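Grab the two chains, each in its own frame, and use the hints to assemble them into the complex.
Chains A and B are the protein sequences, given in the same order. Per my numbering, the very first residue in the first sequence carries number 50; after that it's consecutive. Per my numbering, the very first residue in the second sequence carries number 17; after that it's consecutive.
Keep in mind the hints are simulated off the structure, nothing from the lab. Possibly wrong hints are sitting among the right ones.
[To be verified] Calculated pairs, DSBU-like style, for lysine-lysine (alpha carbon to alpha carbon, straight line, at most 30 Å):
| # | chain 1 | residue 1 | chain 2 | residue 2 |
| --- | --- | --- | --- | --- |
| 1 | B | K299 | B | K336 |
| 2 | B | K380 | B | K336 |
| 3 | A | K173 | A | K108 |
| 4 | A | K57 | A | K173 |
| 5 | A | K173 | B | K299 |
| 6 | B | K380 | A | K108 |
| 7 | A | K57 | A | K122 |
| 8 | B | K309 | B | K208 |
| 9 | B | K299 | A | K114 |
| 10 | B | K208 | A | K114 |
| 11 | B | K299 | B | K208 |
| 12 | A | K122 | B | K309 |
| 13 | B | K380 | B | K309 |
| 14 | A | K114 | B | K60 |
| 15 | A | K122 | A | K104 |
| 16 | A | K122 | B | K380 |
| 17 | A | K108 | B | K309 |
| 18 | B | K208 | B | K58 |
| 19 | B | K58 | A | K122 |
| 20 | B | K309 | A | K104 |
| 21 | A | K104 | A | K57 |
| 22 | B | K336 | A | K108 |
| 23 | B | K58 | A | K108 |
| 24 | A | K104 | B | K299 |
| 25 | B | K336 | B | K309 |
| 26 | A | K114 | B | K270 |
| 27 | A | K173 | B | K336 |
| 28 | B | K208 | A | K122 |
| 29 | B | K270 | B | K91 |
| 30 | B | K270 | B | K208 |
Predicted, not measured: the structure shown is a model, and the values here were computed from it.
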Amino acid sequence: MSDLVEVKPADEFENGDREFVDVGGVEVGVLQVEDEFYALQNYCMHDGGPVCSGKTHRKLLGEFKEPGQRVEKSYSEDECVISCPWHGWSYDIESGDHLANDDISLPTYEVVVEDGVVYVGGQKN
Amino acid sequence: MSQADTESRRQEDLDAYHVIDCDCHYMESFNDVAEYMEEPWKTKFEGSNFDEKGAKQNLSSFFPFSTGDRQAHGKITREHSSYPDDPETPERIREGMESIGVDETLLISHLILAGAGTIADDTRQSAFAKAYVEYMSEEVLDPDDGIHGLAPIPYYDVDASMEILDRIEDRDEYVGACFVTAGATPPLGNRKYDPIYERCEDMDLAAVFHTGGAGLDEYVRGGYQEMLETHTLGFLESNMSQIVSLVVQGVPEKFPDLDISFMESGVTYLPGLMTRLDEEYLKRPEEAPLLEKKPGEYITDFYYGTQPLEISADPAYLEKCIDMVGADQLMFASDYPHWDYDRPTTVMDLPFLSEEEVEMVLSKNAQEVFGL
Numbered sequence: 050m051s052d053l054v055e056v057k058p059a060d061e062f063e064n065g066d067r068e069f070v071d072v073g074g075v076e077v078g079v080l081q082v083e084d085e086f087y088a089l090q091n092y093c094m095h096d097g098g099p100v101c102s103g104k105t106h107r108k109l110l111g112e113f114k115e116p117g118q119r120v121e122k123s124y125s126e127d128e129c130v131i132s133c134p135w136h137g138w139s140y141d142i143e144s145g146d147h148l149a150n151d152d153i154s155l156p157t158y159e160v161v162v163e164d165g166v167v168y169v170g171g172q173k174n
Numbered sequence: 017m018s019q020a021d022t023e024s025r026r027q028e029d030l031d032a033y034h035v036i037d038c039d040c041h042y043m044e045s046f047n048d049v050a051e052y053m054e055e056p057w058k059t060k061f062e063g064s065n066f067d068e069k070g071a072k073q074n075l076s077s078f079f080p081f082s083t084g085d086r087q088a089h090g091k092i093t094r095e096h097s098s099y100p101d102d103p104e105t106p107e108r109i110r111e112g113m114e115s116i117g118v119d120e121t122l123l124i125s126h127l128i129l130a131g132a133g134t135i136a137d138d139t140r141q142s143a144f145a146k147a148y149v150e151y152m153s154e155e156v157l158d159p160d161d162g163i164h165g166l167a168p169i170p171y172y173d174v175d176a177s178m179e180i181l182d183r184i185e186d187r188d189e190y191v192g193a194c195f196v197t198a199g200a201t202p203p204l205g206n207r208k209y210d211p212i213y214e215r216c217e218d219m220d221l222a223a224v225f226h227t228g229g230a231g232l233d234e235y236v237r238g239g240y241q242e243m244l245e246t247h248t249l250g251f252l253e254s255n256m257s258q259i260v261s262l263v264v265q266g267v268p269e270k271f272p273d274l275d276i277s278f279m280e281s282g283v284t285y286l287p288g289l290m291t292r293l294d295e296e297y298l299k300r301p302e303e304a305p306l307l308e309k310k311p312g313e314y315i316t317d318f319y320y321g322t323q324p325l326e327i328s329a330d331p332a333y334l335e336k337c338i339d340m341v342g343a344d345q346l347m348f349a350s351d352y353p354h355w356d357y358d359r360p361t362t363v364m365d366l367p368f369l370s371e372e373e374v375e376m377v378l379s380k381n382a383q384e385v386f387g388l
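Pulled out of the complex, with its shape left as it was, chain B reads as follows (with noise of 0.2 Å):
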């Protein structure tokens, strides 16, 4: 049985603001993007037996091979999405949107979240991510309607990464390039993703880091047991990896004009992280030449979606943690379909927030770094 998100629930709080919802998960099916395809992957993905869905998580919530099911043994179910098992269609998506109280969206691969982590055979990768954008251009994207897409870049292969910057350069429906954290090795502050960040920078396209990697039993270290484990830490560590990389390895010196920002991993890691690493930073400035400024003043230009938001936190310190980011840097992502995702009502409700800063978070930061 599905939950019955039809019913509506503080539909005026809803409508009361224009909400743009910056992490959608598009739940694609390989056999829909394997149209796509060019050989000889168009034919191995068709005869590789995956199914519609590929890894079926039902299956792996109860013979693991990570640590447990997305769905929580049963407990989450979806009734506007594909969510766990069947292929997303374009139809329910808008159904999803309305039924969360979500008037723009930016859809990123499912799928893609795990073939970050596949270092061995890049090729596979950018086949996919090539086969990827076509599809959603041609079948899904809607800028005209609020559906607007993020072009995963497979940046192992910063030729093939490239050559999809071409390909959308020119689209309307494309307003960022997606770069998985989960498993990029060296991490993303390495010299070997100069190009592809200077050819964003270029093309006026925000680069969104979004996390991975939770529910893999050997997340850094093998032996966790529980999804409650691997999704807490592993979410954290790999955004920030990746954001302690690209900080102190000057990309935001080398491309200024870049404008970054990071999901899926809540706001209360990054006050840790910058008082940690502009600590570190006092003692050991000259690592870091190309700095101009504290590490931590680096991760505050940075942008985040909200999601998932620690609303059951002492108010006093999220507000604090929240304050210390910047209301102006942070933007309403849903995360929808996901098992924990959040509806817009969860930054509505925030108690220390201006109305200002409520609209800012639900909508204009986005309007500015995707320019929607």
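With the rest of the complex left out, here is chain A (with noise of 0.2 Å):
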């Protein structure tokens, strides 16, 4: 239990609350979201804006069906998406990873429910 930090307890979460906690001298940004928790750095890799307050949202794809008609554009039935409200960089909630280049990652951590509470563990990428 040493490693993890704690939060809050998990029924006192609702969908689209938001704690902050810090880990290891690193905001972290605890979410729950589609009734499930995630935790991310709180600290954009563009220009270390506060993204975990920002947007969350289903991811937006397309698919190009045949040529002269238009792609079609339809959100993910699984996949979320956080997007730092400065300037609009966009995660995947799960990975961390930039939706334009996956070289780019919000370091993301592992959220532990134990006895009722929520806790963060270690950095997961």
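Listed below in structure tokens is the structure:
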């Protein structure tokens, strides 16, 4: 338990809520999105913006069906994104990968729920 | 008096390389092309008083309907070309090639450059393009002698464009389809042009995007006064606008086997465009959902004609620009006989290219793209 940083009881989270904790000197945002918990570095890889306070949304996908027809655009059924409010840099909320360039990845952290309490663990990526 | 371009200059250097010129302008006359037109356009053109060359450039140099004349107030002439006002002939093309050290050439229509901006009446464009294709096949192109053609595509009319592609499908003399980038509205990444690209991809026919539009005093905004202004800006803008459109709309993802090249804007504009587009894409990737990599990486998949190569730039800067685009994506282009044409020596003299890279730019890349 010593490596885990306590956040707050799980039943005090609602979808859209976010809390901020210090993990080894790094500010980490802990979010509940669509009933799942995520933890990411709250420092955008672009210019240090407060990315974890940004909008979360389903990933927009496009599919080329046939020549001459519009690209069909739809929202993913399961992939979510978080976007930094400063300039819109957007990351897959699960992997931390930038939508445009997966060479850029926002550090993500383990989230553990034990005895009804949410904790943040070590960095995943 | 014409420039004495028979005079041999650096002939030994030129003889050392096989040179393919990916952008040579055939200065066809209205009268010659009209012979191959269908009615009613044949009669309309023949009776139009266009003279052999249409709007004469030497008239425009004094009372400019554009920002000035191509030949820089009489400073520039050509011995082996009609430039600027007489109709071209096949014999003179061979003389011109020899005079600048070119072994094989790809000819594009000179007049279609002006016609591309004619969006009000696309029948005129397609009538001209069809006749041009027949005229060049019959009287000018000669692949066994290194005279290849690029077929003008009147892209406003997709059906007419497809008809031209049907006509040239089995003709060895055509090695590419030419799209004039000036004036294309909507821009050329729009889905309406998809069938043309799909057909080119199926035919293994290279898509050559050729800039234009300089000299118009209302290039983007009105009021420019000099050719120096509009030629510098207009050619870049016309190519840049279509490169951005093609990439963002995903044409390279839709048609991954289509070879795409852009002509006549040099190379130094490309790193600036790539880095700016990449920077914007990082903030707005969802607007280009077909892209699988950064926009700049598609831009460096395209091929580029070298002319007018910015050889007076700081060599370190030019080297960096060419390194970013890639010597494997560059193809020598002369733009002969235009006022700012380049000779192959512009490529041979680049101090930072290896011998292998010089050969790639002068001929090998073009052989691959155009199947020569």
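Checked hints:
1. B:K299 x B:K336: Cα-Cα ~26 Å, so holds.
2. B:K380 x B:K336: holds (22 Å)
3. A:K173 x A:K108: This hinted pair holds, its Cα atoms lying about 21 Å apart.
4. A:K57 x A:K173: holds (21 Å)
5. A:K173 x B:K299: Holds, at roughly 24 Å.
6. B:K380 x A:K108: violated (43 Å)
7. A:K57 x A:K122: Cα-Cα ~38 Å, so violated.
8. B:K309 x B:K208: holds (24 Å)
9. B:K299 x A:K114: holds (26 Å)
10. B:K208 x A:K114: Holds, at about 14 Å.
11. B:K299 x B:K208: holds (27 Å)
12. A:K122 x B:K309: Between K122 of chain A and K309 of chain B the Cα gap is close to 18 Å, so the pair holds against 30 Å.
13. B:K380 x B:K309: Since the Cα atoms of K380 of chain B and K309 of chain B sit roughly 27 Å apart, the hinted pair holds (cutoff 30 Å).
14. A:K114 x B:K60: violated (43 Å)
15. A:K122 x A:K104: holds (20 Å)
16. A:K122 x B:K380: violated (40 Å)
17. A:K108 x B:K309: holds (17 Å)
18. B:K208 x B:K58: holds (29 Å)
19. B:K58 x A:K122: Violated, at roughly 47 Å.
20. B:K309 x A:K104: Satisfied, since the Cα-Cα distance of roughly 24 Å is no more than 30 Å.
21. A:K104 x A:K57: Holds, at roughly 22 Å.
22. B:K336 x A:K108: violated (37 Å)
23. B:K58 x A:K108: violated (56 Å)
24. A:K104 x B:K299: Distance of about 14 Å is within 30 Å: holds.
25. B:K336 x B:K309: The given pair, whose Cα atoms are some 22 Å apart, holds under the 30 Å limit.
26. A:K114 x B:K270: Roughly 9 Å between the alpha carbons, so the hint for K114 of chain A and K270 of chain B holds.
27. A:K173 x B:K336: violated (38 Å)
28. B:K208 x A:K122: With Cα atoms ~18 Å apart, K208 of chain B and K122 of chain A stay inside 30 Å; holds.
29. B:K270 x B:K91: violated (47 Å)
30. B:K270 x B:K208: holds (13 Å)
Of the hints listed earlier, those the structure fails to meet are numbers 6, 7, 14, 16, 19, 22, 23, 27 and 29, in rising order.
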